[in-house]
Structure formats: structure tokens, C-alpha cells
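Could you put together the complete structure from these sequences and hints?
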Amino acid sequence: MTAASEVSTHPSITHPLNVLVATDCGSTTTKAILIEKVGEEYRQTFRGEAPTTVEAPFEDVTRGVLNAIAEIEELSGRKILDGDTILTPNRAAQGDPKRGVDIYISTSSAGGGLQMMVTGVVQNMTGESAQRAALGAGAIVIDVLASNDGRLPHEKIERIRTMRPDMILMSGGTDGGALTHVVEMAEYIAAAEPRPRFGATYKLPLIYAGNKDAQGQVKSILGEKAALEVTENIRPVLERENLAPARHKIHDLFLEHVMQQAPGYKKLIEMAGAPIMPTPAAVGVIMETIAKREHLNLIGVDIGGATTDVFSVFEGVFNRTVSANLGMSYSVSNVLAEAGLANIMRWVPFALDEQTLRNRIKNKMIRPTTIPQTLDELQIEQAIAREALRLALIHHKSLATGLKGVQQERTISDVFEQQTSGKTLIDMLKLDLIVGSGGILSHAPRRNQSMLMMVDAYEPIGFTMLSVDSIFMMPHLGVLSTIDEKAATDVFVRDCMVYLGTCVAPIGRGKDGERLADYELTFPDGRVVRDRLKMGELRLFPLGLDQKATITMHPGKHIDLGQGLGVPVTRDVQGGVVGVLLDGRGRPLQLPADQQMRVSVLTRWFQAIDLYPKA
Amino acid sequence: MAHSYTPGLTVTEQAVVRRRRQLPLPGQVLVQVGDHVQANQPVARAALPGKVYPINLANQLGVAPDEIKEYLVKKEGEAIQSDEILAESKPLIKWLKTEIRSPVTGTVESLSTVTGQVLLREPPRILEVLGYVNGSVVEVQPKQGVTVETTCTLIQGIFGIGGETWGTVILAAKSPVDVLRPDQVTADMKGKIVVGGSFLPAETLTKAKELGLAGLVVGGIHDKDLRALLGYDLGVAITGTEQVGFTLILTEGFGTIPMAQKTFELLSAHTGEKASISGATQIRAGVIRPEIIIPKQAGAVSGRGAATPQREGIRIGDPVRIIRDPLFGKIGQVSALPSDLQKIPTESEVRVLEVKFPDGQVAVIPRANIEVIEGA
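If you read the protein sequences in the order shown, they are chains D and C.
Sequential numbering from 46 applies to the first sequence in the working numbering.
Sequential numbering from 56 applies to the second sequence in the working numbering.
If you're looking for bench data, these hints aren't it; they were derived computationally from the structure.
Any given hint might turn out to be false.
[Said to hold, decoys possible] Capping the alpha-carbon separation at 30 Å, the derived lysine-lysine pairs in DSBU-like fashion look like this: (1) C:Lys229 <-> C:Lys317; (2) C:Lys198 <-> D:Lys264; (3) D:Lys556 <-> D:Lys602; (4) C:Lys129 <-> D:Lys270; (5) D:Lys143 <-> D:Lys82; (6) C:Lys130 <-> D:Lys270; (7) D:Lys270 <-> C:Lys124; (8) C:Lys264 <-> C:Lys245; (9) C:Lys106 <-> D:Lys270; (10) D:Lys311 <-> C:Lys198; (11) C:Lys385 <-> C:Lys229; (12) C:Lys411 <-> D:Lys659; (13) C:Lys129 <-> D:Lys264; (14) D:Lys579 <-> D:Lys475; (15) D:Lys248 <-> C:Lys106; (16) D:Lys659 <-> C:Lys385; (17) D:Lys556 <-> D:Lys475; (18) D:Lys264 <-> C:Lys130; (19) C:Lys198 <-> D:Lys270; (20) C:Lys124 <-> D:Lys257; (21) C:Lys262 <-> C:Lys247; (22) D:Lys468 <-> D:Lys257; (23) C:Lys385 <-> C:Lys411; (24) C:Lys198 <-> D:Lys248.
[To be verified] Computed footprint of chain D on chain C; a stretch qualifies when at least three of its residues, placed anywhere within it, have a C-beta under 8 Å from a C-beta of chain D: (25) 98 to 109; (26) 158 to 171; (27) 377 to 388.
Predicted model, so just to flag it, every value in this text is computed and none were measured.
Ideal placement from N, C-alpha and C gives every residue a C-beta, glycine not left out.
Structure representation (C-alpha cells):
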């Protein structure tokens with residue numbers, strides 16, 4: 046049989062999937078992984094990467110994909126490519142198991158990802174619902190326009206004209222409610238004649254997901270001006286969001302319109318055996334899958350070069366936000382601008398003048414692929430990461446909320462504690478797991494550095510497990526889970542998640558050295574450690590992967606471990622590659638303002654858990 | 056990683072560059088394939104639709120949206136002058152009449168009987184795309200723009216601000232390590248592209264602005280001075296639209312960093328010649344770096360310079376620039392390319408290379424932290 050006859054550019058998913066190759070086309074790097082069925086379980090076996098080739102001089106995303114796969118070929122000795130074609134299916138049945146793969150799948154965030162503009166009538170009601178729908182579908186929301194956003198009509202029109210989104214999502218009004226505002230917004234959009242980011246000649250995809258009674262008018266106003274798609278209202282009644290239909294529509298239009306304009310994507314779609322997913326949407330799928338499978342409340346973060354995505358699942362409700370300009374390379378300078386110099390410097394365990402730090406951060410921005418070579422450079426990057434993570438979570442908390450504008454039923458017990466609608470869903474005390482992903486977390490030279498970066502940024506309280514994505518394969522597993530959940534779960538458990546351990550952090554503060562809690566830690570081998578956790582202390586106890594210890598904490602009378610002030614707590618704690626971290630630094634975490642004292646405190650903490658090599 | 060390498064900045068005596076000159080919306084192309092164009096010559100033109108001003112007549116007149124047609128003085132499609140009456144009420148007593156006047160000169164574009172809104176549009180604005188470089192038109196995309204090709208000396212910078220401009224290249228520094236002092240910038244440099252050395256202090260920036268220089272090319276500046284110049288802290292490196300009075304190009308980065316000898320020598324060799332420069336920088340995939348393009352005179356072209364070939368990777372002997380502390384800005388030659396991963400002081404295991412500096416010293420540097428000086 047000739048090579049040509051065994052080539053299929055449209056692999057069907059009817060055959061068993063034993064060998065899979067998956068890529069994530071990022072804005073800088075295309076990462077490929079090989080997944081193979083070993084015995085009864087799937088394992089990630091080889092990986093390769095290559096620069097993404099969306100832009101000139103290549104202008105064809107598949108070049109980078111083929112280069113990344115070629116690297117897997119070299120490392121694995123498996124023949125995957127025949128020229129520019131991926132050999133499918135695997136030829137094991139023909140006695141040549143090292144030839145071909147059963148399927149190729151991919152995610153993509155290249156070329157700046159999916160950039161959307163959303164509109165609503167009331168900013169913190171339908172405006173926010175539209176924003177949540179777009180973010181959940183993996184988009185970056187470049188603006189939210191609403192009737193009450195404070196901008197004058199002509200300013201809104203000018204804004205629509207100047208932004209060049211990949212897609213617009215229009216919402217507004219409950220079904221059967223007033224039409225005027227949503228029709229008015231349609232008129233503004235029509236007047237602005239919005240144009241898409243890529244391709245001067247095609248019509249901008251626009252999804253209408255507002256008051257169903259206005260569909261006719263919206264069609265007549267925008268039908269000629271945009272590639273209009275109408276779907277169900279995302280807020281049919283004030284008390285309920287219905288985001289799924291709009292999200293599905295976004296995915297469809299992403300594939301049908303946006304991806305078709307990006308260089309080489311037509312070929313990529315043909316090469317892939319399953320629909321290409323936006324990277325964040327795929328990460329969201331895998332996060333949601335973990336939360337559901339383990340019945341956990343979790344926060345996931347993917348800190349990249351340009352953006353930081355935060356995902357959360359609390360009581361089964363999934364939310365995603367993207368902080369478009371918080372990142373560790375392209376956007377590193379913006380972390381400085383948003384956090385302020387003092388907030389970054391508070392994590393740096395040595396003195397450094399402002400000018401040097403500013404210049405170093407800008408140099409990282411203009412040469413984003415460089416890596417820290419010296420320890421002090423690493424410490425500066427990890428200081429910046431703490432602030433990027435912290436700011437992205439603040440952003441996430443503000444959007445991951447209950448629905449606003451919903452009438453509250455109040456009883457006599459609410460007299461003293463009235464809660465407004467739209468409260469954040471992120472309850473740090475109910476948080477079970479933090480999952481970190483992205484180069485700075487996945488590739489930190491010591492795993493305890495990843496753990497402390499997340500602990501410092503998120504200030505978990507009570508008992509919280511932490512983990513990282515070993516080599517950034519969550520996007521690949523997210524798209525894989527849509528075609529083979531077992532394969533995705535196997536690889537996720539065995540090769541993707543690296544459990545770091547558990548952080549135990551009492552809520553409250555005291556004077557330095559004052560008792561926070563007495564603890565008794567019983568290890569699986571029967572060894573018992575009894576001691577006192579004092580204010581300002583960090584203690585780390587190694588406890589291996591798949592091991593559990595039992596801890597009893599007797600907090601001081603002003604200290605809470607989740608059960609109330611002074612109430613003792615006994616719990617099992619999960620181990621990991623780092624162990625159990627007792628964080629006695631108090632919540633909220635406060636650092637001395639005085640530079641000398643701050644450096645001394647940081648040095649003490651870092652030494653206590655052997656965070657960095659000795660200089 | 057067999058397929059990974061960090062392409063560097065191009066600094067070359069002769070290259071053929073093509074620049075796409077695109078309209079932001081369909082319009083008219085003014086030149087043909089084969090035409091020779093000048094940097095300041097319009098090559099395409101489009102009418103940018105005017106700004107839109109919505110007026111809610113129903114609210115202002117206190118009538119139902121579907122009645123507004125009856126009150127319009129100017130009909131849909133009609134021209135209207137600023138302050139001219141657009142609509143008026145029809146009371147029984149004349150002096151109770153409400154007049155709605157147009158805030159702009161333009162046309163009545165549309166009206167809505169659902170919202171009671173009238174949209175007025177200002178006249179279109181003519182937008183011209185210029186040639187940017189002296190060269191020949193090699194491609195025309197009907198209604199969209201052209202591609203201009205030129206054989207030139209090409210120098211890419213690492214970061215810039217400000218848009219496209221052109222002028223005569225003039226050297227203000229004597230060597231690539233010189234700091235460009237304010238007294239070295241003089242009134243006769245107005246409209247010129249001035250080349251400095253290692254650093255540009257804030258006082259020189261201020262003077263350059265006062266004197267009306269077209270462009271400044273230097274090794275480095277301090278971030279705090281850039282912030283003062285822009286009036287804000289630049290968060291993301293997407294530039295090119297700043298209006299600070301001149302275009303600024305950094306060849307090395309932030310801080311005091313001597314300009315690469317080759318860059319300085321090349322700019323020195325072309326003193327007095329016309330150059331096109333752009334500060335536009337975009338540091339994402341599809342990097343756009345600032346550039347200095349000095350088109351060759353007809354007789355000065357040596358052979359047919361091909362488009363810059365794609366490099367295969369780093370080779371021993373390549374001139375490289377260290378782009379990260381502790382040796383940031385130093386220039387040397389690759390002396391060894393060990394293939395095994397090596398542990399660096401951060402404890403990361405990375406691929407490295409050895410760089411030999413002109414003084415004979417050798418340093419081991421992560422491969423990610425060097426930049427090949429292209430076009431050498």
C-alpha cells in the first residue's frame with residue numbers, strides 16, 4: 046500500500062482511539078502532545094513545540110503545527126507526517142504500530158484569540174450576562190456597551206467603529222419586556238458599520254440573544270449590515286440566565302467565520318478530526334470536568350504571557366474571566382502599571398531601586414521570550430506573578446457573581462445583615478482546590494515556589510489543596526474530553542495534574558510570635574507532631590503524593606479555621622510534591638511597610654520552606 | 056528544540072523590503088503596478104464615513120416615536136447645516152413651538168419609528184495612505200491598497216513610539232557609547248532623523264520636541280522618561296499612534312546600552328541620506344518592530360538583493376546580543392552550542408550556548424536570552 050492511499054485528511058472517529066496527537070496553537074508557541082493507550086489506560090508520552098506561524102513571513106498556522114509534530118516524531122520514533130499531511134489512522138492493525146495516529150485535535154488562541162464586543166441594556170444585568178456568555182465561550186471581551194454605561198450615544202457609535210472585534214454579542218431586555226433600548230442599540234451598531242479584525246471584505250458575525258420580541262426589528266436593522274445570527278435570550282427573565290445557546294452560537298461562528306479568516310486555519314480545520322476549540326474554552330471544559338468528577342469547589346488559573354484566565358466552579362456554577370492585559374511577558378509592564386511598584390516590591394526579598402526595576406520590566410516586555418538567568422531575576426518575576434494572579438482574581442470575583450437586579454426575599458433575620466443581589470460566588474472558605482497553569486507556575490524550578498506564589502496571591506483560608514498543570518496540557522485535554530472522556534481523564538490524573546499539597550491557613554491576626562493555634566499532625570506511618578503555630582510563621586511538612594495526614598487545630602479565641610472563632614477542627618489533609626504548608630502569617634496577609642523589615646520577614650519565610658537555593 | 060530559535064533584529068546594508076499600504080476600508084487605489092512612488096505620495100484614498108450623531112426626537116418633542124415623521128423639517132437623505140432646524144413641534148399657539156436644531160453639518164441618515172431616533176451623519180473624511188518609502192509598486196489589491204518594494208539599507212529597532220515619518224539622517228553622537236546631551240541637539244536638526252549613542256536623557260527628549268525633530272534613534276532610554284514623555288505608563292507594547300512630536304526608536308532597550316557597533320556604523324555611513332522610519336511596535340506573535348529604511352539610489356544597488364532568507368537557527372560564529380541581565384546589552388559571537396540541558400543559577404535546566412566577547416571573555420547564556428544580529 047502506498048503512503049498516499051493511507052492518508053486521510055478527514056479522520057473519522059468511528060475507529061478506536063489508541064494513539065492521539067493534540068496541539069494548542071498559542072499566540073507564541075504551538076505545543077503538541079502525543080497520547081498513547083498503554084495497557085488499559087491512556088498516557089501522555091511525548092511532547093514537542095515550535096513557534097506559532099500565524100503571522101508573516103509564514104502566515105499559515107499549520108507550519109507551526111507540523112513543526113511541533115515533527116519534534117514528536119523525532120523524539121518518539123513514530124512516523125506521523127507524510128509531507129504536510131498527518132497520517133491517520135494508526136497502522137497497528139496492519140502490523141505497523143509505529144506509523145500514524147488515530148486522530149489529530151487542536152485548540153487555538155493564536156492571533157490574539159477570539160475578541161468580542163458585547164452589548165446589553167443595563168450594564169450590570171444583561172451587560173454582565175452577555176459578558177459571562179462570551180467569556181465562558183473562550184473570548185476576550187474588548188468592551189461592554191450598555192444603554193446606561195454613561196457614554197453618550199455618539200461616543201458609543203464611535204467606540205463600535207474604532208474597535209475591530211471578531212464578533213459582537215447583543216443582548217438586552219427580558220422576553221416580553223420593553224423593546225426601545227435594545228432596538229436603539231441595534232441602530233447604533235448599524236450606524237457604526239462595524240468591521241471585523243481580519244478580512245476587509247466579509248461581514249462581521251453578530252449574535253442577537255436579547256428580548257425575543259425584538260428579533261424582527263433587529264433583523265431589519267442589522268440583517269444587511271452584519272452576518273446576523275439569532276438565538277435564545279441569555280436573560281429570558283431577570284431571575285435566570287440562559288447562556289448555553291449563545292455560547293454554542295459563538296463557537297459555531299468562531300469556526301465558520303473567524304477561523305476561516307485567520308491564516309492557514311482552513312487547512313487546520315481540515316486536518317483536525319474534531320472541531321477546533323478556543324484554548325480558554327477547552328481549559329474551561331477540563332476544569333468543569335474535574336470539579337464535577339471530584340465534587341469540588343475550585344479556582345483554576347492560567348497565567349500566560351499576554352493574559353491571565355481565571356476559572357471557578359462553586360456549587361456547580363462555572364465562571365471564567367480573562368484579564369486581557371495581565372501576563373508575564375507581553376503584558377508584564379501592565380502588571381506594574383495596574384499593581385503599582387510598591388505592591389510588586391513587597392514580594393522582592395532584597396532592595397532594588399525603582400529605575401532598575403522599571404527598566405528590567407520593560408526589557409522583559411520588549412523581549413518576551415527571555416528567561417531569568419539569575420536568582421534575583423527569578424525572584425522579581427515571581428513577585429510580579431503574585432500581583433498578576435492577585436489582580437486577576439479580584440477581577441474574577443467581581444464578575445463571578447449571582448445575578449444582579451433579582452428581587453430578594455427578606456425575612457426578619459435579614460434586618461441586621463441584608464445582602465444585596467449580585468454577591469460574588471467565590472467563597473474562599475469553601476474553596477477545595479486551586480489549579481495553577483502557565484509557564485511561571487508549571488515551570489518554576491522548585492514546586493514549592495509555585496505553591497507559595499499561589500498562596501501569597503490568593504490568600505486561601507482554612508484548608509485548601511493546590512496543584513499545577515505539569516507541562517500545560519489542559520487545553521489539549523479539554524478538547525480531547527469532548528471526543529473521549531476516558532482518555533482525557535486518564536491523562537489528566539496520571540500526567541497532567543501535579544498535586545502540590547495542602548495549605549492550612551487560620552483566619553485572623555495577632556502580634557508577631559503570638560499563638561494562632563496548637564496543632565497535632567498524625568502522619569500515615571503513625572508519627573505524630575504536636576506543636577504551636579505562631580503568628581508570622583510558615584511551616585512545611587513533607588507528605589507524599591497520594592498520602593493523607595490528619596490534623597487537629599486548636600485555634601486561639603480570636604482565630605477561626607472555618608468552624609468559628611476558637612473552635613477546634615480535625616481534618617484529613619492531602620499530600621503532594623511539596624507537602625502540608627501551615628501558614629501562620631495571618632489573614633489578611635500583611636507585609637511590613639519598612640523595606641528593611643520587609644526584606645527580613647520575606648527572607649525568614651523563604652528560608653523556612655527552603656524556597657530558593659542558597660546564594 | 057530542533058525547530059525553536061529566536062530570530063533577531065535585522066541590521067543590513069542591503070535588503071529588499073516590501074511594505075503593504077492598506078486602506079482601513081475599501082476605496083480607490085491611485086497608482087499602478089510598476090509606478091515609482093515617493094514616501095510622501097498618496098497611493099490610495101478612501102472616504103471615511105463621517106461621525107454619527109443620534110438625536111432622540113420623540114423625547115425632545117414629547118411625542119410618540121411613530122409620530123416623529125410628521126415633525127421633521129428635513130427628510131431622510133437631505134443635507135443639513137449646523138444649527139439648522141431639523142424638526143419642530145406644531146402647537147396651536149406659535150410661540151410655544153419647540154425647534155430642534157442640528158448639532159452638526161451633514162445629512163439626515165435615518166430615522167426610527169421604534170425608538171424615535173434620528174441619525175445625523177457628518178460628511179465623509181478623505182483618508183489617504185501614503186507610499187511611506189521611495190520605491191516601486193509591485194502589487195495592487197483593487198480597492199484595498201498596494202505593495203511598495205524598495206532596495207534599501209534596513210535597520211530594525213527593538214522598540215519605538217510614534218508613527219511613520221521621513222527625513223535626512225544626521226549623526227549627533229560621536230560614538231555608540233555616547234550619551235546624547237541636550238547641547239548636541241541643535242536647531243538645524245529640525246525635520247531630521249537624529250542618531251544618538253547609548254542613552255537619551257529626559258532633557259534631550261524635551262529639547263528634541265521643542266526643536267521639531269522628525270525622529271530620534273538611540274540605544275536606550277529610562278522607562279521613567281518614557282512615562283513622562285507619554286504621560287502614562289505603557290502597559291502593553293502596541294505602539295505607533297503616539298503623538299509626542301517625533302518618532303523615537305530604541306535599538307537596544309531600556310537603560311543605558313551602547314548602540315550595537317554595526318548599527319551605528321551603518322547609520323553613520325548613510326548620514327545625509329533620506330530615510331523612512333516608523334516607531335510602530337507590536338510585541339505579540341507577528342512581531343512588528345520599529346524600522347529605519349534608507350532606500351538605495353538607482354546607481355548604489357549592488358546586485359539584486361533578495362528578500363531576507365529565513366534562518367535555520369543559531370550557528371557557531373553568529374554575532375549575538377545578550378538580551379537579559381546580568382550581561383544585558385553585551386555583544387559577542389557564539390563560540391559553542393552544547394546540546395545538553397544545563398542547570399543555571401535559578402536551578403532551571405535549559406539549553407545554553409557559549410558566547411565569546413571581544414575582550415576574550417566567555418560566558419554561558421541560556422539560548423532564550425540571546426538575539427542573533429541578523430543581516431550580518
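Going through the hints against the structure:
no.: 1; hint: C:Lys229 <-> C:Lys317; in the structure: holds (14 Å)
no.: 2; hint: C:Lys198 <-> D:Lys264; in the structure: holds (29 Å)
no.: 3; hint: D:Lys556 <-> D:Lys602; in the structure: holds (14 Å)
no.: 4; hint: C:Lys129 <-> D:Lys270; in the structure: holds (25 Å)
no.: 5; hint: D:Lys143 <-> D:Lys82; in the structure: holds (13 Å)
no.: 6; hint: C:Lys130 <-> D:Lys270; in the structure: holds (23 Å)
no.: 7; hint: D:Lys270 <-> C:Lys124; in the structure: holds (24 Å)
no.: 8; hint: C:Lys264 <-> C:Lys245; in the structure: holds (10 Å)
no.: 9; hint: C:Lys106 <-> D:Lys270; in the structure: holds (17 Å)
no.: 10; hint: D:Lys311 <-> C:Lys198; in the structure: holds (25 Å)
no.: 11; hint: C:Lys385 <-> C:Lys229; in the structure: holds (20 Å)
no.: 12; hint: C:Lys411 <-> D:Lys659; in the structure: holds (29 Å)
no.: 13; hint: C:Lys129 <-> D:Lys264; in the structure: holds (27 Å)
no.: 14; hint: D:Lys579 <-> D:Lys475; in the structure: holds (24 Å)
no.: 15; hint: D:Lys248 <-> C:Lys106; in the structure: holds (21 Å)
no.: 16; hint: D:Lys659 <-> C:Lys385; in the structure: holds (28 Å)
no.: 17; hint: D:Lys556 <-> D:Lys475; in the structure: holds (27 Å)
no.: 18; hint: D:Lys264 <-> C:Lys130; in the structure: holds (24 Å)
no.: 19; hint: C:Lys198 <-> D:Lys270; in the structure: holds (19 Å)
no.: 20; hint: C:Lys124 <-> D:Lys257; in the structure: holds (27 Å)
no.: 21; hint: C:Lys262 <-> C:Lys247; in the structure: holds (14 Å)
no.: 22; hint: D:Lys468 <-> D:Lys257; in the structure: holds (28 Å)
no.: 23; hint: C:Lys385 <-> C:Lys411; in the structure: holds (10 Å)
no.: 24; hint: C:Lys198 <-> D:Lys248; in the structure: holds (17 Å)
no.: 25; hint: 98 to 109; in the structure: holds (count 5)
no.: 26; hint: 158 to 171; in the structure: holds (count 5)
no.: 27; hint: 377 to 388; in the structure: holds (count 5)
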